[in-house]
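S.K.: Chain by chain, the residues:
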Amino acid sequence: NAGVTQTPKFRVLKTGQSMTLLCAQDMNHEYMYWYRQDPGMGLRLIHYSVGEGTTAKGEVPDGYNVSRLKKQNFLLGLESAAPSQTSVYFCASSHQGGVRGNQPQHFGDGTRLSIL
Amino acid sequence: SQQGEEDPQALSIQEGENATMNCSYKTSINNLQWYRQNSGRGLVHLILIRSNEREKHSGRLRVTLDTSKKSSSLLITASRAADTASYFCATGSNYQLIWGAGTKLIIKP
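Respectively, the protein sequence lines represent chains A and B. Its first residue numbered 5, the first sequence is counted upward by one per residue in our numbering. Its first residue numbered 1312, the second sequence is counted upward by one per residue in our numbering.
These are calculated hints, taken from the structure and not from any lab test. Just so it is clear, CB atoms sit at the ideal spot from N, CA and C, and this is done for glycine as well. Don't take every hint at face value.
[What the hints assert, rightly or not] Beta-carbon label-pair distances, calculated as ranges:
id, chain 1, residue 1, chain 2, residue 2, range
1, B, Arg1371, A, Glu83, 41 to 51 Å
2, B, Ser1339, A, Val54, 16 to 26 Å
3, A, Val16, B, Arg1352, 18 to 28 Å
4, B, Arg1361, A, Thr58, 41 to 51 Å
5, A, Leu26, B, Arg1352, 13 to 23 Å
6, A, Ala60, B, Ala1321, 32 to 42 Å
7, A, Gly55, B, Lys1380, 33 to 43 Å
8, A, Lys74, B, Arg1352, 20 to 30 Å
9, B, Ser1323, A, Met45, 18 to 28 Å
10, A, Pro12, B, Ala1392, 25 to 35 Å
11, B, Lys1367, A, Thr19, 42 to 52 Å
12, A, Gly57, B, Glu1326, 47 to 57 Å
13, A, Gly55, B, Ser1339, 34 to 44 Å
Chain B on its own, in the form it takes in the complex:
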């Protein structure tokens, strides 16, 4: 069963604009992770935020976590063509990660 649900399912923006993706989940978590998947490739870890953290930055990425609303957002600032990919959130508990269906991001030149 899917824990996380990303919103929107697809997003198309102009290069240079900011992209925001959201993730909602259902149960208590230890942490929430965001991954990127380029077409035909494996997933690449972007950022991990623990349940006691509210915001985390990594380069052009900003992740927020609201455990009261069971939601997280991923912001990519100043988007580039190379950011075109699918983005997945995954919530961690025990040994496993449970994955959402992903947001497909297209950056138009």
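Isolated chain A, as found in the complex:
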């Protein structure tokens, strides 16, 4: 099983350029998440989705958009990249938590993005 696959693994952009980060999971998970990880900080949630066709804002959504047209895919878009968006981006997925709360999240290996 591939689990969670992120593409691309590395990318360098110029300020103002746009791009889309792709995330695919083959575990039939309902929930999917996009995080960014910066040095010395924990993961910060950008956007998440609790099902196909639904998305919601996380802690740091500004400058990003997402779409979940298919259950297995979750796309993260940067419309006009800024140097402050230089980071490592992780996608994760999980089964729905229900009344017992969150389930373990499964992560991809990240996309390392540099904005010049």
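For this one, chain A is given, so just place chain B on it according to the hints.
M.R.: Just chain B, lined up with the frame of chain A:
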């Protein structure tokens, strides 16, 4: 905003020794999870402890949870070189996990 705070930020021990990492959090939780991250890789789930549990074991891992003190600890016994990684706690409520900044563990041969 960070919910969990790990302590220490970095820990270096000899192979074979035990490693203890602590996590404190601020608000009520449904559960607390620990993850490991090897350099250049994604996070891997280690163990989940629910708010009504006090202790949980998985192999060489032992996790405790004290909801009155809003704290948790992760103990790795008989450490190995392969345990070198960063360890993160995350607290769950609603749909989201909120993450600490992590403890960087180095196991010296």
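S.K.: Which numbered conditions among the earlier hints are violated in the structure presented, ordered from lowest to highest?
M.R.: 4, 13
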